[in-house]
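Chemist: For the record, the sequence lines run as chains X and H. The first sequence begins at 1 in this note's numbering and counts up one residue at a time. The second sequence begins at 1001 in this note's numbering and counts up one residue at a time.
Please keep in mind that the hints were generated in silico from the structure rather than gathered at the bench. Quick caveat, the model's predicted, so the values are computed rather than measured. The reader is advised that the hints may include incorrect statements.
BS3-like cross-link-like pairs, simulated, lysine-lysine; straight-line CA separation at most 30 Å [to be verified]:
1. K1014/H to K1493/H
2. K71/X to K1450/H
3. K1265/H to K1450/H
4. K236/X to K1002/H
5. K1139/H to K1106/H
6. K1262/H to K6/X
7. K1139/H to K161/X
8. K1493/H to K1450/H
9. K1265/H to K1002/H
10. K147/X to K1429/H
11. K236/X to K1014/H
12. K280/X to K240/X
13. K1448/H to K1077/H
14. K1493/H to K147/X
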Amino acid sequence: MPSIAKPIAVHPSLHRNALGLTLRDYEGAMSTLCAGCGHDSITAAIIKALWELSIQPHMIAKMSGIGCSSKTPTYFVNGAHGFNSAHGRMAAIATGANAANRELTYIGISGDGDSLSIGLGHMCHAIRRNVKMLYVIENNGVYGLTKGQFSASADVGSRSKRGEPNRMAPIDPVMLALSIGATFVARSFSGDKEQLVPILKAAIAHRGFALVDVISPCVTFNDHNGSTKSYLYTRKHMQKATEADFVPPASEILATIGDVGTTTVTMHDGSVVRFTSVPKNYDPTDRRGVYDYLQEHANTGSVATGLLYLDESVADLHEMNQTPSTALARMPYDKLVPGTAALDELMEDFR
Amino acid sequence: MKATNTGDPAYYHKVVDCQWACPAHTNVPEYIRLIAQGRYTDAYMLNRESNVFPGILGRTCDRPCEPACRRERVDGKPVAICRLKRVAADLKDDITHLLPKAPEQKNGKRVACIGAGPASLAVANDLMPLGYSVTIYEKYDKPGGLMRSNIPSFRLPESVLAEETGAILNMGVDIRYNSPVESMNGLLAEGYDAVFVGSGAPRGKDLDIPGRHDTDRIHIGIDWLESITFGHIDKIGEKVLIIGVGNTAMDCCRSSRRLGGKDIKVMARRPRGYFKASPWELEDAEEEGIDIIINHAPTRFVIENGALRGMEFERLEWDAEAKKSKVIDKVILPCDDVILAIGQENAFPWIERELGMEFDKWGMPVVNETTFQSSIPGVFFGGDAAFGPKNIIWAVAHGHAAAISIHNHCQGVPVTERPPDGMNLVTQKMGMSEWSYHNDYNPSPRQKMKHVDLKKRFEQLNIEVEMGFNAEQTAREVQRCLNCDVETEFTPKLCIECDACIDICPMLCLTIARDGEESEIRQRLSAPAVNPDQALYASEPLPQTGRLMLKDEDLCVHCGLCAERCPTSAWDMQKFELLISYAGREACTSSYVPA
Ligand SMILES: Cc1cc2nc3c(=O)[nH]c(=O)nc-3n(C[C@H](O)[C@H](O)[C@H](O)COP(=O)(O)OP(=O)(O)OC[C@H]3O[C@@H](n4cnc5c(N)ncnc54)[C@H](O)[C@@H]3O)c2cc1C
Ligand SMILES: Cc1ncc(C[n+]2csc(CCOP(=O)(O)OP(=O)(O)O)c2C)c(N)n1
Ligand code: SF4
Ligand code: SF4
Ligand code: SF4
Ligand SMILES: [Mg+2]
């Protein structure tokens, strides 16, 4: 825990976004995580993305479960709403919140323990429902908060800090999500904000559920030589599949569409994601191709990163259920609770 | 770009903006911390080591440190460095036992100083403890030079001056009052081992325009102020015009106000922003009801029946840069007295040219800027006598440097062999997120100096106007200091490039980026480094990616958060102490700096 709050002094060249806010206005409380934790870097990337998108702080809902990662919503956007749920329940709570108020921007923060062990089922169903939200897994291969036990994302053969190897096969959230119909799947690294920030922005603009798996070294329990989620290992094994560039609506797109290696996908809100695929012929809209590519890379031990898969054509939770366009939260009481007569009428339908 | 060498004392010295700007390199942040701890005596003594006259300077210094202060770039107003110096001087205990003393055993070398101004006194201060016999020849019957004769007592009380000049003279300096040196030749014949000329720039410039010599109501500013000090003048007419708008003009107008002047105008040729007077002096004068009249060039004195009636001016219109002007018309302003405050000159009528000392075309002796030696070995100059009128702190700095030369000269060492500066660098880490300095940023605004009531201050000539900071103001002001001497010291091989330091830095000082040309790197940092006067630190290549850690020193508030968030202690907060060399004392640490 730092000795002081971040000084209020600001750099004179600090820019303001469309709302007149500076980056500093998107900060939260001082982090209590270990110094050097990858999660703090992801927090900084989220702050940058939200600021660049000029999202009003009070229109943001920060959702999380339990874990070092799940503590981080406290460390960004002080002015936002938030819900710190029980372990693994963030996806369920976020689904409910989103159902009740579709007007907020949902930022879900989870860990590999929170999402891939206790919360695995909830996450899968939020993916199936295509709940419109950014869902970040701050993936460090361990349960950081409970002192470094292997999580379900730990690779076979990777070692704990005490030297014991992990023998159980990992769950790769990216492969899992692809296999159950996820519409936005990305992987990045906390130590590469140039890649991470545009991915986060695209994820927030996405029509439905956007999964961003971020390798985020646990500097205290999993940054040693036997780890496959350390700063050094990740840097050595990271393979960029794509470089994504997020272009907000109404901005001019500079690259020529159709260039070799360049694909553009127009998002539901009119913004555009421009991909430059690093390997030739990588197509981020081809689910099967992406699956094969990732499988191949997993076998060679490299970590493929980038905005890996994107499909803007699938309806989200609200569209699927044909809910009203106004948030339930803002609906007049008599419309939301129409009374006994209306209930009786409904019940009649089922007789 | 080349990796920065933080082992060179100049690198971190430059980060301590105030200390770098101070001609005597006073350790400002350290004395401010000592004041914060209530250690006024230590704060005073630390000051005294470098600037010799903390009580005097805490009231009168030209304070080049303040415009340089980093705090000004951060929140618009520098730390009140000068006024805090006065706090140390006012609140210190008895320091008699701490003052330097002359050894009983003299070293057999005799040094003569001409003039008892700050320059000569600084020389004596450094040489007496080494065993030199120092003789000072002074024209007047009291010590202090212009500090006594020209700085009015409402700015600098006589008691402060007496105490701080006394601290030096009491070491056993052979001071000869009422002894103007009238011949350099004669002085040299007395066989001194070295001579130091600290005679100042004693001549006020005149203004030879029609009417100048037809009345006795036109005064030369510095002579007039001197006459007040020595009790020869105690009144002035009601309407006074001061010609010129430098520091002397400010003292003249405020003195006039105290001697009966009611309608006092300071006449400036150029517009505001081009005045020589310091902004705070202008403020103080205007507070006392003095008018500053811009764009007026004097053309003649209006004399009627042998009496001064007024003065004629051309009214000027200047271009945007105040370079070229044109005359609009002429006006006559009525007055009873005129004081000329348009500058000072050096004059050395008592140095015989046959001696062969080299003078330049303006009649100034040729003096080496490092050694302060003239073209005659063993004859040194310093203070206003060396390069024309400057100020007290420069006179002191010259005195220290000349003392090193004199010591070398007397010990048979070439004067060009200067002892180098050194440095200490000590970690301030006390534990996890715990530092031995106050690292929090205090948003308090600069404290305003309180002044004696506008009626009361005019009752007597010597009522000190500035009241000094009270305890509460002091407590706030000390916390405004950013501790720029507590440096961010980086060890590249420890860095794992986790970005924690970059993410936490409130001032966007840090960046990890690939190498390039400095000018180009400066454009692609967390925030562009636009202040070319401030260094850009570059590390050796980092172990994991070979990129560089870069730090723009410009706006770092030395909060230590980068070091607190660094998992490997690649960043550490380390206190830098500049080890200054003085005559006979090479690069030694001050006993008043706590480790
Ligand atoms: C009106 C006025 C206000 C000022 N205010 C400030 C201020 O607020 N802050 C600041 O920093 N500076 C100020 N200055 C400037 C500052 O006073 C001088 O720069 C400084 O005193 C120079 O020190 P010095 O030792 O070189 O010479 P001086 O202080 O000029 O001392 C020279 C001494 O030599 C003596 N002397 C001269 N010739 C001979 C001789 N032939 N034989 C024997 N003795 C001789 C003189 O009597 C004098 O005592 C001011 C100057 C003036 C004129
Ligand atoms: C119901 C429940 N079961 C177990 C725990 C204990 N627990 C706290 S955090 C955590 C794992 C967190 O791991 P992860 O989500 O990866 O977060 P990290 O700390 O690694 O960021 C566990 C098992 C709990 N808090 N609640
Ligand atoms: S234990 Fe690991 S995951 Fe938790 S804060 Fe520390 S470094 Fe981060
Ligand atoms: S001390 Fe470190 S964190 Fe604080 S302003 Fe300076 S570089 Fe930034
Ligand atoms: S916090 Fe330390 S280890 Fe991390 S990037 Fe900064 S200097 Fe390197
Ligand atoms: Mg984890």
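Chemist: Take the hints in turn and mark each one as holding or not.
Modeler: These are the hints, each one checked on the structure:
For the suggested pair K1014/H and K1493/H, the alpha carbons sit about 25 Å apart, so the restraint of at most 30 Å is met. Simply put, K71/X and K1450/H have alpha-carbon atoms about 49 Å apart, too far for the 30 Å limit, and the pair is violated. Restraint check: the Cα-Cα separation between K1265/H and K1450/H comes to about 25 Å, which is no more than 30 Å; the hinted pair holds. Of the supplied pair hints, the one linking K236/X and K1002/H holds, its CA atoms being roughly 27 Å apart against a limit of 30 Å.
Between K1139/H and K1106/H the alpha-carbon distance is near 27 Å, which keeps this suggested pair within the 30 Å criterion. A distance of roughly 53 Å separates the Cα atoms of K1262/H and K6/X; the hinted pair therefore is violated under the 30 Å criterion. For the hint linking K1139/H to K161/X, the alpha-carbon distance of about 81 Å lies beyond 30 Å, and the restraint is violated. Proposed proximity of K1493/H and K1450/H is contradicted: the alpha carbons are some 52 Å apart, above 30 Å.
Taking the CA atoms of K1265/H and K1002/H, the gap is about 56 Å. The hint is violated against a cut of 30 Å. A threshold of 30 Å between alpha carbons decides the hint, and for K147/X with K1429/H the separation of about 26 Å falls inside it, so the pair holds. Using a Cα cut-off of 30 Å, the hinted pair K236/X and K1014/H is violated, with the two alpha carbons roughly 39 Å apart. A distance of roughly 12 Å separates the Cα atoms of K280/X and K240/X; the hinted pair therefore holds under the 30 Å criterion.
Among the hinted pairs, K1448/H with K1077/H is consistent with the structure: their alpha-carbon atoms are about 11 Å apart, no more than 30 Å. Taking the CA atoms of K1493/H and K147/X, the gap is near 27 Å; set against the 30 Å cutoff, the hint holds.
Violated hints, listed in ascending order, are 2, 6, 7, 8, 9, 11; each of the other numbered hints is respected by the structure.
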